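**Q** Chain by chain, the residues:
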Amino acid sequence: MMDWLPGNFSDFWSTYSTLVFSVGVHALLALSIWLTLSCGLLSLANAAFMGIGAYVSALLTLHLEWSFGTVLLAGGIAPAVVALIIGAPVLRLSGVYLAMATLAFGEVVRITVLNLEITGGPEGLNGIPLATEGWHIALLLALTVYGLARLRRSKVGRAFEAIKEDEVAARLMGVDVDRYKLLAFVLGGFIAGIAGALNAHFTFFISPREYGFENAVDILTMAVLGGTSGLVGPMLGASILTLLPELLRSLHDFRSLVNGAILVLVVLFLPKGIWEPRRIRNWLNRNKGKPA
Amino acid sequence: MLEQQLLNALTLGSVYALFALGFTLVFGVLAVINLSHGAVFMVGSYAALALVTRLEAPLWAAMLGAMLVSGTLGLLVDMLILKPLRARNAPHLIPMIATIGVGIMLTSTAQGLFGAEILRFPDGILPAGEFVVGDVHVRALEIAIVAIAFVLMAVLFAVLKRTQLGRALRAIAESPKAAWLLGINVERLFHITSFAAAALGGIAGVLIGLNFNAITPQMGQPILHKGIAAIILGGMGDIRGALFGGLFLGFAEVISKAYLSSQMGDAVAFGLLFLILLVRPSGLFGRKLERKA
Numbered sequence: 001m002m003d004w005l006p007g008n009f010s011d012f013w014s015t016y017s018t019l020v021f022s023v024g025v026h027a028l029l030a031l032s033i034w035l036t037l038s039c040g041l042l043s044l045a046n047a048a049f050m051g052i053g054a055y056v057s058a059l060l061t062l063h064l065e066w067s068f069g070t071v072l073l074a075g076g077i078a079p080a081v082v083a084l085i086i087g088a089p090v091l092r093l094s095g096v097y098l099a100m101a102t103l104a105f106g107e108v109v110r111i112t113v114l115n116l117e118i119t120g121g122p123e124g125l126n127g128i129p130l131a132t133e134g135w136h137i138a139l140l141l142a143l144t145v146y147g148l149a150r151l152r153r154s155k156v157g158r159a160f161e162a163i164k165e166d167e168v169a170a171r172l173m174g175v176d177v178d179r180y181k182l183l184a185f186v187l188g189g190f191i192a193g194i195a196g197a198l199n200a201h202f203t204f205f206i207s208p209r210e211y212g213f214e215n216a217v218d219i220l221t222m223a224v225l226g227g228t229s230g231l232v233g234p235m236l237g238a239s240i241l242t243l244l245p246e247l248l249r250s251l252h253d254f255r256s257l258v259n260g261a262i263l264v265l266v267v268l269f270l271p272k273g274i275w276e277p278r279r280i281r282n283w284l285n286r287n288k289g290k291p292a
Numbered sequence: 001m002l003e004q005q006l007l008n009a010l011t012l013g014s015v016y017a018l019f020a021l022g023f024t025l026v027f028g029v030l031a032v033i034n035l036s037h038g039a040v041f042m043v044g045s046y047a048a049l050a051l052v053t054r055l056e057a058p059l060w061a062a063m064l065g066a067m068l069v070s071g072t073l074g075l076l077v078d079m080l081i082l083k084p085l086r087a088r089n090a091p092h093l094i095p096m097i098a099t100i101g102v103g104i105m106l107t108s109t110a111q112g113l114f115g116a117e118i119l120r121f122p123d124g125i126l127p128a129g130e131f132v133v134g135d136v137h138v139r140a141l142e143i144a145i146v147a148i149a150f151v152l153m154a155v156l157f158a159v160l161k162r163t164q165l166g167r168a169l170r171a172i173a174e175s176p177k178a179a180w181l182l183g184i185n186v187e188r189l190f191h192i193t194s195f196a197a198a199a200l201g202g203i204a205g206v207l208i209g210l211n212f213n214a215i216t217p218q219m220g221q222p223i224l225h226k227g228i229a230a231i232i233l234g235g236m237g238d239i240r241g242a243l244f245g246g247l248f249l250g251f252a253e254v255i256s257k258a259y260l261s262s263q264m265g266d267a268v269a270f271g272l273l274f275l276i277l278l279v280r281p282s283g284l285f286g287r288k289l290e291r292k293a
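First to last, the protein sequences are chains Z and L.
The numbering of the first sequence is my numbering, which starts it at 1 and goes up by one.
The numbering of the second sequence is my numbering, which starts it at 1 and goes up by one.
No lab work stands behind these hints: they were computed from the structure.
Small disclaimer: the values here were computed from a predicted structure and weren't measured.
Beta carbons are placed, not taken as given, at the ideal position from N, Cα and C, and that holds for glycine.
Check before you lean on any hint, since a few could be wrong.
Lysine-lysine pairs mimicking DSBU-like chemistry, simulated, CA-CA at most 30 Å apart [to be verified]:
1) L/K83 / Z/K164
2) L/K161 / L/K177
3) L/K161 / Z/K272
4) Z/K272 / L/K83
5) Z/K164 / Z/K272
6) Z/K155 / Z/K272
7) Z/K164 / L/K177
8) L/K177 / L/K257
9) L/K257 / L/K161
Just the calculated beta-carbon pair ranges, DEER-fashion [stated by the list, open to error]:
10) L/L55 / Z/L265: 20 to 28 Å
11) L/A178 / Z/L172: 26 to 34 Å
12) Z/F205 / L/T72: 39 to 47 Å
13) Z/S17 / L/A116: 54 to 62 Å
14) L/S175 / Z/F269: 23 to 31 Å
15) Z/L62 / L/L55: 30 to 38 Å
16) L/Y259 / Z/R209: 55 to 63 Å
17) L/V136 / Z/L248: 47 to 55 Å
18) L/E117 / Z/I280: 43 to 51 Å
19) L/T163 / Z/R150: 55 to 63 Å
Which bits of chain Z does chain L cover? Going by a derived footprint, with three or more residues having C-beta under 8 Å, they are [as the list claims (entries may be wrong)]:
20) 108-115
21) 254-265
With the hints as constraints, model all of the structure from the sequences given.
**A** Set out below in structure tokens:
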């Protein structure tokens with residue numbers, strides 16, 4: 001597919017395609033948590049939803065040999081259904097308690113996968129056919145961004161925003177808070193599941209280790225690092241946190257030190273994340289105002 | 001057989017409880033979920049190991065040293081990171097993410113300094129005695145661990161219940177603003193709490209390191225999960241609850257490992273946790289949540 005490109009690009013692509021794919025998948029995950037955050041929900045279940053998507057899709061490919069398109073769809077629908085089932089009781093909780101409940105749910109999913117026979121236990125699933133191509137990820141990411149951008153401007157998006165700002169006030173204004181929260185939760189699960197399905201079909205191998213607490217926290221970190229005021233922030237955060245460890249390879253054991261330090265510094269000095277349109281606009285205007 | 005397991009469970013549970021107490025103290029007083037607590041726990045055990053191997057300190061001195069090192073670390077995190085965030089009134093999610101960053105930094109530093117491999121205390125450091133009661137083998141080490149954990153917890157309870165400092169802390173847990181209006185030096189007490197909580201986490205690290213005689217940079221992660229589970233089980237910010245939750249998790253882990261599969265035990269614990277959150281979000285001991293309106 002890439003042979004019309006100059007040689008050094010093919011070299012680059014064969015070395016780094018997995019990395020580029022990861023950036024795309026992480027961007028999808030960051031957007032999935034952005035969606036729940038935009039409704040004021042701090043849910044840490046996204047890594048588990050990703051895992052459900054990954055396992056369901058991989059098992060369908062391996063055992064039933066469904067086509068890749070249907071597999072992707074199933075990978076999104078499975079966690080969405082789970083989200084629908086646990087959503088009603090879980091979403092009564094708020095703030096830290098919701099975070100903890102979704103965390104506990106994530107652990108239950110991880111440990112269940114670890115112990116089931118069909119999921120391969122701790123060794124995970126091996127030999128998943130490579131089916132994901134660059135354009136699949138690009139297309140799905142573009143569709144997600146387009147869909148979320150439309151959603152933000154719609155009645156639903158405004159309801160999310162009202163709930164995020166003040167749940168009680170939103171309820172009093174006649175917003176059906178519970179239904180919108182459930183919608184955000186289920187949609188977030190759907191996107192995370194698709195990301196998981198895409199991921200499973202280019203990494204060749206999945207194991208329960210990839211869907212635990214650390215991964216849930218990583219996803220949250222990407223969104224917060226980039227900034228949650230819009231759609232650009234989460235994707236930017238995902239790119240930075242995926243590429244940074246590669247760039248810092250020479251630091252060996254100390255490389256995640258920089259990762260952690262950046263996280264702390266951003267939280268301390270850029271409260272709204274790296275991508276904050278207003279700050280960037282102000283900064284540009286200030287430079288414009290100066291005489292040359 | 002069961003008695004032997006119960007002894008193991010008590011040892012493990014008392015250390016979990018000690019860890020969870022520091023965790024819940026920070027949540028109760030500072031209203032922060034401090035996700036660097038697991039890394040502080042890990043730092044404690046490395047500090048004790050370094051004191052024992054490099055400075056040839058006796059074990060009791062190494063324990064005190066480890067508490068001092070981890071406590072200072074907790075104090076620094078509060079002064080350098082949590083304080084500025086408090087000053088600008090950041091939403092509760094933000095300090096939590098900052099402490100994730102701290103945890104990553106500490107783990108990475110430990111890995112860089114000591115390597116990723118398992119380190120052990122040198123021979124002859126651990127109390128080696130062992131005696132048999134009925135058919136239960138009791139290691140002197142286990143007795144020491146349980147004793148240290150319970151003495152420290154008793155001291156903490158006494159301080160919180162009986163002293164002026166404890167009253168001030170409970171006032172802050174109720175409402176920092178009201179406490180401040182009453183003339184309590186809230187910032188100073190935040191510092192003290194951070195120091196004490198981290199010191200408890202650090203000594204818990206030493207005790208676990210001694211019990212299994214294995215220290216790795218990643219050892220803070222599983223216990224952080226246990227700590228989270230313990231304080232949810234007992235009610236977040238609740239001291240008695242953390243004690244109960246920690247002990248319960250110790251028992252759940254050991255008993256289910258012995259009688260079920262080795263991994264399913266954690267699923268039972270977290271599944272139970274999930275259910276408790278749904279039925280009683282404020283935990284078994286916690287008070288009813290206030291509604292924001």
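**Q** Now look at each hint and say whether the structure bears it out.
**A** Now for the hints, and whether the structure bears them out:
A hinted pair counts as satisfied when its Cα atoms are at most 30 Å apart, and L/K83 with Z/K164 qualifies at roughly 26 Å. The hinted pair formed by L/K161 and L/K177 meets the criterion: a straight-line CA distance of about 21 Å does not exceed 30 Å. A distance of roughly 40 Å separates the Cα atoms of L/K161 and Z/K272; the hinted pair therefore is violated under the 30 Å criterion. Restraint check for Z/K272 and L/K83: satisfied, since their Cα atoms lie roughly 18 Å apart, inside the 30 Å limit.
Our distance criterion of 30 Å between C-alpha atoms is met by Z/K164 and Z/K272, whose separation comes to about 16 Å. Distance restraint check for Z/K155 and Z/K272: the Cα-Cα separation of roughly 25 Å lies within the 30 Å cut-off, and the hinted pair is therefore satisfied. Note on Z/K164 and L/K177: the hinted pairing holds, with a Cα-Cα distance of about 25 Å set against a maximum of 30 Å. Distance restraint check for L/K177 and L/K257: the Cα-Cα separation of roughly 46 Å exceeds the 30 Å cut-off, and the hinted pair is therefore not satisfied.
Straight-line distance between C-alpha atoms of L/K257 and L/K161 comes to about 36 Å, which puts the hinted pair past the 30 Å bound. Checking the proposed 20 to 28 Å range against L/L55 and Z/L265 shows it is violated: the Cβ atoms sit about 34 Å from each other. Distance hint check: the CB atoms of L/A178 and Z/L172 are about 28 Å apart, consistent with the given range 26 to 34 Å. Between Z/F205 and L/T72 the Cβ separation comes to about 43 Å, which falls inside the hinted range of 39 to 47 Å.
Checked against the given bound of 54 to 62 Å, the beta carbons of Z/S17 and L/A116, roughly 28 Å apart, lie outside it. Checking the proposed 23 to 31 Å range against L/S175 and Z/F269 shows it holds: the Cβ atoms sit about 29 Å from each other. The given range of 30 to 38 Å is broken by Z/L62 and L/L55, whose C-beta atoms sit roughly 56 Å from each other. A C-beta distance of roughly 26 Å is found between L/Y259 and Z/R209, which places it outside the suggested range of 55 to 63 Å.
Checking the proposed 47 to 55 Å range against L/V136 and Z/L248 shows it holds: the Cβ atoms sit about 51 Å from each other. At roughly 45 Å, the beta-carbon separation of L/E117 and Z/I280 lies within the given 43 to 51 Å, and the hint holds. Here the CB-CB span from L/T163 to Z/R150 is close to 59 Å, well matched to the stated 55 to 63 Å. Taking a C-beta to C-beta cut-off of 8 Å, the segment 108-115 of chain Z contributes 5 residues in contact with chain L, enough for the three needed, and the coverage statement holds.
Coverage of the segment 254-265 of chain Z by chain L holds [criterion: at least 3 residues with CB-CB distance below 8 Å; count 10].
Comparing the model with each earlier hint shows violations of hints 3, 8, 9, 10, 13, 15 and 16; every other hint is respected.
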